[in-house]
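Kindly produce the complete structure, drawing on both the sequences and the hints.
There are 2 protein chains.
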Amino acid sequence: MKQVVTVKRRALAASEERAETLRSRFAASGTLVANLISSPGSGKTTLLEATVRAFDGELRMAVIEGDVATENDADRIRALGVPAHQILTGGACHLDARQVENGIKEGGLPEVDILFIENVGNLICPTTYDLGEDFKVVLLSVAEGDDKPVKYPAIFARAEVAVITKSDLLPHVPFDLGSVQSQIASLNPNGTVVVTSSLAGEGLDGWLDLLRTRFEAKRQSQR
Amino acid sequence: MKQVVTVKRRALAASEERAETLRSRFAASGTLVANLISSPGSGKTTLLEATVRAFDGELRMAVIEGDVATENDADRIRALGVPAHQILTGGACHLDARQVENGIKEGGLPEVDILFIENVGNLICPTTYDLGEDFKVVLLSVAEGDDKPVKYPAIFARAEVAVITKSDLLPHVPFDLGSVQSQIASLNPNGTVVVTSSLAGEGLDGWLDLLRTRFEAKRQSQR
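So the sequence lines, in the order shown, correspond to chains U and Z.
Residues in the first sequence are numbered consecutively from 0, following the numbering used here.
Residues in the second sequence are numbered consecutively from 0, following the numbering used here.
Fair warning: there could be bad hints in the mix.
Any copy will do: because identical chains look the same in the list, a pair fits if it lies in one copy or spans two.
[Stated by the list, open to error] Here are the computed lysine-lysine pairs in the BS3-like style, where the Cα-Cα straight-line distance is at most 30 Å:
(1) Lys217 to Lys150
(2) Lys7 to Lys217
(3) Lys150 to Lys104
(4) Lys104 to Lys217
(5) Lys150 to Lys7
For the record, the hints were derived by calculation from the structure and aren't laboratory data.
Model, not experiment: these values are computed from the prediction.
As structure tokens, this is what we get:
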């Protein structure tokens, strides 16, 4: 097992180095990068569809999609006129910095204001992988139940932003929003929580304003 | 990387051997074992709650719960008078045969008719791990969207049973049940699909009958 640990540590160090290289590149171009992480079916792609629609003509965007199979998610983004590249991980349950680096190249993605990375649908594996992003965003659908932050504490502690999705389903599911907010607050006292429904359009302004603010701050820090 | 592959292969072989040992033990005691796999929040624990309530007094049951954190799920099962043991995997995204073997011992689980193993909430990692079960069950909540089987083909191909959950939400979410059924049929022509709502009680009979039939068949094969 010692061999595995050593080789894994070396691989992790190489991956962290790559992430720093990516981060420098994004700093130079003033690109804000958000790494979206959630269970399958929490609504990452649907939130991105609503986001690129809202920012159309205001900000230049691109999307990297991570999945074990199918180009479906990238196709959904491209249908809105936004460049997207699909990374297929085969069996792997997360993206890594090397895949993002190659994905930008292979996908011929242009320099943009905001790059969204939609990670593989998984609340566990993507948590510790640095992709050179400015911040991680964790999504939790109200249909998934209000016990998830304490059951998956690592990602809720690390993600600067938590987006509660599918709020239109609140009348139909058992979900104590106050409990979820206090679980997140205790795991991540500096985190931000926004409550949204991409389909009904509720709460999206809070999410969009947050992205605008972070993008402006990044551009300011560049000057 | 060659070292990693070799060591991993050896670990996998050891794990498969352990799974076979478990399988022999379950065959000797005539215990039916189901390995439940899904995204976080698809309703595995809620389905198990409804199941143990329905079989109360008819079948002897026990539950092994896998999670990265908290005893919450085992507590929910124990509250119904059914023995349950919680395995905490720390960061790991699946259970393995060794953990199940140790869990039965440490949890002091009695010999039962049906042992349910609720795997860690994850549609990817648990797919290839044999826990000595009779069959895998994949759950998909209608709130997760109707594109999931083709996006996570490995688990839908391997699970003999697919349980569509939260059917009470069908009027409130975009979900084409026919499309999901045909995706599953093409990935797994011999698979069985049942559509349920654990909260509303819809479709549970199909699930319970399936378990009864499989349990009887296992007992028959023992004689």
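Structure-based check of all given hints:
no.	hint	in the structure
1	Lys217 to Lys150	neither (33 Å within a copy, 34 Å between copies)
2	Lys7 to Lys217	neither (33 Å within a copy, 43 Å between copies)
3	Lys150 to Lys104	between (37 Å within a copy, 24 Å between copies)
4	Lys104 to Lys217	within (23 Å within a copy, 54 Å between copies)
5	Lys150 to Lys7	both (26 Å within a copy, 28 Å between copies)
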